[in-house]
Amino acid sequence: MTRFNAWNVFVNGLTGQKGWSRQWRDPEPKDHYDVVIVGAGLHGLATAYYLAKKHGVTKVAVLEKGWLGGGNAGRNTTIVRSNYFMPGNRAFYEHSLELWENLSHELNYNVMFSQRAHVSLLHSPAAVDGAARRYNTMQLTGSDGELWSLDELKRNIPHLNYGPNARFPIIGAAVQRRAGTARHDAVAWGYARGADGHGVDIIQNCEVTGVTREGGQVTGLETTRGTIRAKKVGFAVAGNTSRLWQMADLGNLPIETHKLQAFVSEPLKPLLDQVVVFGVGGAHFYISQSDKGGMVFGGDLDWYKSYAQRGNLPIVQDVAEAATSILPCLGRVRLLRHWSGVMDMSMDGSHFICKTPLDNLYLNAGWNYGGFKASPASGWYFADLIANDRPNPVIANHDLKRFERGIIIDERGAGPDPKLHG
Amino acid sequence: MIRIRCPFCGERDHSEFTYGGDGSIVYPALDAPMEDWVKAVFERENPRGRQLETWHHTSGCRAWLLVERDTMTHEIFSVRLAHEGAGRVIEEGT
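Chains as they are written, first to last, in my numbering: chain A, 12 to 433; chain B, 394 to 487.
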């Protein structure tokens, strides 16, 4: 693997770009691995990377039914932030943001992490009070967060709809300056290249069709490319977790699969320097501008359970209405593409990184809306769990038994209804 | 758009309805053990394929419906009223 540095870029620029090698191999699956991770999305690849890099576990395979990063890794709005509030989530997402801040150097791969600030619009005194509580908590726990007055917001983003006749007039904003966006494909490719460089086999077009058990142990996986035995198995297949769980004959999970759409417009000249979020009175909308100029935005779930990776039209209309209500200047902008991903919506809106009823099976699931920003820490803590066979204290309550213990990590206070945890 | 055939109102766009959730859940007795309640409130089969689910005709007759639908293709196999007594009256006339 050729390292990326100024010298190599310069030399290859003079020699017709002939000196670059493949970024990762395309190996045949072996019969046996120490650890097999199912799912070569961001979380699975990050897990393999940290297993190899940090824990020295290199006999690892990552199995992917399609192509690397072709699921939700390529179907998100690339927002990275850590403005979480609940104990457990707070430390977890802050750690993730810290990993993001050094990720391009860590991977020797430009993930284009841009800390352009995440601006949540506020529309009522109660919302300002709620944001003050949350953002003060963030400051007290070593993160950054601030409240902007209306004047400060207008100075920073002059073209939002500040009209007095707006249905929900804007009165201020809660801001995390260290938050921002990243290039989603680069994150998948960077982790894949890094893991592969440490000897991890990334096996694409390899769908798991069965889980072989002996008593309380997983012994191997049946796949479309043959049987693969493993000492330890990790599931990181958000969206399809329940199906894999039932292949292992483990029953039901506190998860429902829902789909979420996202959109990108035709490229525009620089228009929006921040990630802007609008959420009030049933509306939910978030928008940023990619480096290519496209406005990248999204809204609510499609509101009914679905495994179909395609969206419905009422949400297209909802999102377009939200877009023009806060950024009326987008009224004539044309939509370039829209897509939909399926995600694990959990019963309290928080994730699972935990041991399972089987001794050598580990679960990484339930990422709801928030899987992209979580990827580095998700891989970090999942690798830590698999290597050491015990949960790190930070994720001690992110297990499947928390509901029985009465520990509900519900940021929104929405209750046990998966579709409401958007 | 999914089209749902409401027993009262006929076939309508799904945007008139609100999705409820898994319609196959049977809640345990009030004095049942805690484990049974944890299962009923928090755990879901989450099938890819045919599932029984509830929908509320919020912008129509406001009846709760039990819909059998494929969660992959969105094909609808059956729709009936969730209220058993009312459902019987609709279907059998008594």
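Note that these hints are calculated values from the structure, not bench results. Keep in mind that this is a model prediction, so the values were computed, not measured. Among these hints, one or two may not hold up.
Stated by the list, open to error - Over 12 angstroms on every C-beta distance to chain B, these chain A residues come out as not near it, computed from the model:
id: 1; residue: L110
id: 2; residue: L151
id: 3; residue: G262
id: 4; residue: T268
id: 5; residue: L312
id: 6; residue: G426
As the list claims (entries may be wrong) - Computed from the model, here is a short list of chain B residues facing chain A with C-beta under 10 angstroms:
id: 7; residue: C402
id: 8; residue: H407
id: 9; residue: E438
id: 10; residue: R462
id: 11; residue: R473
Just so it is clear, CB atoms sit at the ideal spot from N, CA and C, and this is done for glycine as well.
Discussion item. Tell me the numbers of any earlier hints that the structure contravenes, in ascending order.
Written reply: 3, 4, 5, 6, 7 and 11
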